[in-house]
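Protein chains: 2
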Amino acid sequence: MAAPRFDITGIGNAIVDLLVRTDDAFLSHHDMPKGGMKLIDADTATKLTALMVGGQTAAGGSVANSCAVAASLGARAAFLGKVAADDLGLAFGDGMVDMGVHYPTKPLHNGAPTARCLIFVTPDGQRTMNTYLGAGGEFTLDDLDETVIAASAITYLEGYLFDPPAAQLAFAEAVALAKAAGRLTALSLSDPFCVDRHRDGFRRLIAGGVDILFANEAEICSLYQCNEFAEAQAAAARDVKLAVLTRSEAGSVIVQDMNVTKIDAVPTTVVDTTGAGDAYAAGFMTAYAQGRSVEEAGKLGAKAAALAISQIGARPPAEMLWKLIG
Amino acid sequence: MAAPRFDITGIGNAIVDLLVRTDDAFLSHHDMPKGGMKLIDADTATKLTALMVGGQTAAGGSVANSCAVAASLGARAAFLGKVAADDLGLAFGDGMVDMGVHYPTKPLHNGAPTARCLIFVTPDGQRTMNTYLGAGGEFTLDDLDETVIAASAITYLEGYLFDPPAAQLAFAEAVALAKAAGRLTALSLSDPFCVDRHRDGFRRLIAGGVDILFANEAEICSLYQCNEFAEAQAAAARDVKLAVLTRSEAGSVIVQDMNVTKIDAVPTTVVDTTGAGDAYAAGFMTAYAQGRSVEEAGKLGAKAAALAISQIGARPPAEMLWKLIG
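Going line by line, the protein sequences match chains A and B. Offset between the first sequence (1-based) and the working numbering: plus 1. Offset between the second sequence (1-based) and the working numbering: plus 1.
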């Protein structure tokens with residue numbers, strides 16, 4: 002088998018975050034419950050985007066964030082995810098390529114616009130989010146880059162992409178392609194509500210050959226419908242070769258062949274928890290793909306997560322991430 | 002010592018190649034000896050560039066080509082080299098970043114325009130080249146990115162950058178920075194005429210701590226003023242820890258601690274020899290930085306060089322390069 006060209010190839014939603022500061026009156030006027038997150042349709046997305054002139058733009062998406070962070074940690078990363086042929090789509094692609102992530106997916110023409118998360122920040126520091134999934138949900142079998150998957154040590158799948166049926170099919174095929182090439186697959190459960198919507202599908206995908214499962218406490222408990230973390234951990238140990246379970250300030254638990262490794266969280270001042278799980282997965286997979294032990298991988302994950310939550314946004318500056326390697 | 006973030010950081014001329022098809026009358030009219038290469042000044046460059054509308058543009062430069070090829074072979078690569086804040090400078094940067102090469106150098110403002118190689122191809126297939134060094138020669142100590150150099154397994158210096166005195170100072174400093182960080186340095190002699198101009202400077206740099214020397218037969222013979230390759234090889238063996246000497250279709254010779262390893266050239270149909278040495282160095286350093294033997298490194302170099310000369314241009318398509326890894 003040939004040596005891998007990439008350490009990690011992520012497949013996920015290609016989302017651009019737009020952020021503006023606003024006031025409470027704006028939220029009331031647009032019926033946005035402060036601090037909440039809701040899904041919006043194309044018309045609402047277009048109207049709200051037009052109101053966000055002068056705001057900040059950042060490439061986002063959970064697995065896309067992991068790929069960007071992994072690249073800054075020294076992993077060779079690629080990302081597959083669908084944008085439209087529009088300005089936000091270009092911004093997303095530039096955001097990935099600037100981080101050194103190979104991004105070969107062709108943009109969607111004559112379809113939905115690029116996915117975006119519209120974030121309104123009120124003077125009290127709260128974030129009110131409106132997510133439009135757009136072109137990101139139109140990822141299909143045709144977008145699976147077989148050459149890239151076959152050349153990647155790990156193919157990493159984003160749970161959120163289970164919502165669109167065509168993407169779900171693409172996931173099963175991605176697992177098959179990676180296995181055929183003798184590579185590993187990983188899955189992020191993304192969100193406990195996402196797990197609720199697709200519990201059986203996720204369990205089938207895991208049974209069908211996911212090698213590494215990433216989940217936080219709420220997600221793994223949702224997957225196995227347990228109230229106790231210990232019970233969910235035991236279920237994961239039976240189902241998957243390597244389960245990486247994160248528990249915020251309680252650290253993380255790595256279960257491999259019934260061996261349990263506990264990793265402490267790295268103490269830090271919390272500024273913004275966005276992207277903590279994405280950064281942990283990035284650190285873990287970077288070290289693991291480079292042949293290091295699960296303990297070392299968990300430690301790099303914990304360090305990357307601590308850095309992510311000590312600053313605003315999901316992608317810490319590259320040079321700060323470099324300092325974590327060693 | 003921390004693990005390296007990059008396998009290879011190149012420092013060299015940041016040149017854009019512009020290529021148009023023309024006829025013999027055009028060459029005569031502009032006093033260009035067919036098949037030759039001459040250095041031109043800014044005014045001539047501006048005038049000739051204006052005549053090249055509709056031609057092809059490609060990011061070039063010897064060490065920049067090596068970095069792009071190395072990235073496609075799975076190396077984590079960075080490049081430091083100076084462009085101007087103009088359209089060609091943007092094209093150069095995009096060309097590097099699109100290949101996955103980290104390119105942090107700030108463009109030059111209010112100075113010379115971006116370096117370019119203007120290539121006129123006549124109906125008989127001959128290439129007549131006019132090189133303008135422009136902003137590429139204004140690389141100074143300020144452009145040395147210490148964080149990147151300290152985080153790179155190998156810092157690779159382009160001999161051509163010895164022409165501008167400020168860049169020569171920067172080279173000495175780059176070697177010192179790499180050594181202080183416990184990293185390796187490599188030097189390409191670039192061109193026998195370049196060696197003629199800077200023989201003593203190159204020898205001092207090599208004696209001062211270059212770990213890996215890349216040269217072809219003409220260059221190493223020029224460095225030691227020998228007529229016989231065997232004599233030059235013996236001199237290199239005394240001077241440098243690892244000398245990698247390429248001899249076109251006669252293969253390559255790697256001399257390390259007086260051990261000599263010979264690598265056969267990989268047979269192929271020659272289409273365009275541009276970039277053969279750059280591709281060899283890319284393959285060699287990619288494998289060597291990943292801990293493989295000098296023999297394996299030389300074999301990857303020979304495969305990359307064969308691919309480079311079997312197609313037009315110095316940077317073979319990424320997916321063709323991926324197939325060489327393994």
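Hints were generated in silico from the structure; no laboratory data involved. Some hints could be false.
For chains that are exact copies, the list does not tell them apart, and a pair is met inside one copy or across any two.
[As the list claims (entries may be wrong)] Cut-off 20 Å, straight-line C-alpha distance, at most; resulting in silico cross-link-like pairs (EDC-like, lysine to aspartate or glutamate):
#, residue 1, residue 2
1, K35, D25
2, K263, E229
3, K180, D88
4, K242, D164
5, K107, D95
6, K48, D99
7, K35, E232
8, K35, D88
9, K242, E320
10, K35, D273
11, K107, D144
12, K35, E147
13, K39, E232
14, K48, E320
15, K242, E297
16, K324, E147
Please read these numbers as outputs of a predicted model, since none were measured by experiment.
Under a CA distance limit of 20 Å, which applies to K107 and D95: within one copy, between copies, both, or neither? both (13 Å within a copy, 18 Å between copies)
Pop the pair K48 and D99 into one bin, within, between, both or neither, using alpha-carbon distances up to 20 Å. Close neither inside one copy (29 Å) nor across copies (33 Å); limit 20 Å.
Alpha-carbon proximity between K35 and E147, which holds within one copy, between copies, both or neither at 20 Å: neither (43 Å within a copy, 45 Å between copies)
Go through the copies and call it for K180 and D88: within, between, both or neither, with a Cα cutoff of 20 Å. For K180 and D88, the Cα distance exceeds 20 Å both inside one copy (36 Å) and across copies (44 Å).
Could you place K39 and E232 in one of the four classes (within, between, both, neither) given a Cα distance threshold of 20 Å? Neither way: K39 and E232 sit 31 Å apart in one copy and 75 Å across, limit 20 Å.
Identical-chain pair category, K35 with D25, by Cα at 20 Å: Only inside one copy: K35 and D25 sit 8 Å apart there, 72 Å across copies, limit 20 Å.
Between K35 and E232, at a C-alpha cutoff of 20 Å, which is it: within one copy, between copies, both, or neither? neither (35 Å within a copy, 78 Å between copies)
Within a copy, between copies, both or neither: which one fits K324 and E147 at a CA-CA cutoff of 20 Å? Answer is between; shortest inter-copy Cα gap is 13 Å, intra-copy 33 Å.
One pair to classify: K35 and D88, alpha carbons no more than 20 Å apart. Within, between, both, or neither? Neither. Shortest intra-copy (28 Å) and inter-copy (45 Å) distances fail the 20 Å Cα cut-off.
Intra- versus inter-subunit Cα pairing at 20 Å for K242 with D164: Classified as neither: same-chain Cα gap 25 Å, cross-chain 57 Å, threshold 20 Å.
How would you classify K35 and D273 at a CA-CA limit of 20 Å: within, between, both, or neither? The answer is within: 17 Å in one copy meets 20 Å, while 63 Å across copies does not.
Between copies, within a copy, both or neither: which fits K242 and E297 at Cα up to 20 Å? Cα proximity of K242 and E297: one copy only (18 Å, versus 34 Å across).
The structure is inconsistent with the numbered hints 3, 4, 6, 7, 8, 9, 12, 13 and 14, although it conforms to all the rest.
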